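Using the sequences provided together with the hints, build the complete structure.
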Amino acid sequence: MHGDRAVPLKIVVAGGFGAGKTTLVRALSEIPPLLTEEPMTSASVGVDDIRAVPDKHTTTVAMDFGRITVDDSLILYLFGTPGQDRFWFMWDELARGSVGAVVLVDLRRVDDCFPAVDYFESRRLPFVVAVNGFPGTDAFSREAVADALALAPDTPVVRMDARSSDSCLSTLVALVEHALDRTHAVHH
Amino acid sequence: MTPVEPVGGRDGRVVPVFAVTGGRTRSTGRDLPVESLVTATDQRPDDLQKEYRMILDAAVAPVSLVEIGAALRVPVGVARVLVGDLADAGYLVVHAPAPRDAAGNPTPAVLTRLLAGLRAR
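Here the protein sequences come in this chain order: E and Y. So for the first sequence, the numbering used here puts the first residue at 1; every next one is plus one. So for the second sequence, the numbering used here puts the first residue at 1001; every next one is plus one.
Rather than coming from a laboratory, the hints here were simulated on the basis of the structure. If you're wondering where the values come from, they're calculated on a predicted model, not measured in any experiment. Glycine included, each C-beta is placed from N, C-alpha and C at the ideal position. Misleading hints may appear alongside valid ones.
[To be verified] Part of the chain E face toward chain Y, derived, beta carbon under 10 Å: (1) 68; (2) 70; (3) 71; (4) 76; (5) 97; (6) 110; (7) 114; (8) 133; (9) 183.
Listed below in structure tokens is the structure:
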């Protein structure tokens, strides 16, 4: 198709443990999931809190990524961030030059996404907060989420379902729109 | 650091430069971000190591460093060195990155293309 003209772009997918990062990446990716998850070991206990996610027995400890061929010369990569503090160094590489980030939130455990929100705000990387529709989290207002996370007024908050590719796609569209707004705000 | 054997080296062998892999820490690949795209060129010698052959097979169409790492089941850092070897030897082309502004962020033009492409799906 594109010879050597194709260029890559990337979007970072962050959020707390079990918030749906891997689900989102897999809902959108055109390549099969590659070996990215390893069994949770005792060393992980205390780092990732598994009590609130009893059905989840693995944690993402390696590069979790997906690919979307956007057009004949643009390929978008999605990178799930490693969920443990000892992988912070990888966030820098993933964030550098990226379009921005999707921060997935499970409203039952809002606090889990504070580190991601702090990280992207401190680096002025555009991000959207994506409230993943877990059971029991139907009612919320943008204000409530923005207050809980101390979001800047222009940070988009979207409700979505990480299992639905359409919903995930809409979330990416919201992020790219926000990133474009930010570039226009800088240039004008 | 082990010196890299040049093509047609001292004993007259015609050996790809990257046949010697031990100890090298510098190559074209050293600055490549994880999403860097590469494509195989028309050149392809017959005597490549398995890992290099796998990379060239994967790169018949544009493929990223991170995909190569996953396919070979090696860390991205290792894939970066191997890809650098192949690029130095002329067997892979490393694509230009997406256009960036002065701050290193994707330009509005490329973001607009991305937005149009996502909305069309």
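Checklist entry - Which numbered conditions among the earlier hints are violated in the structure presented, ordered from lowest to highest? => result Structure breaks hints 6, 7, 8.
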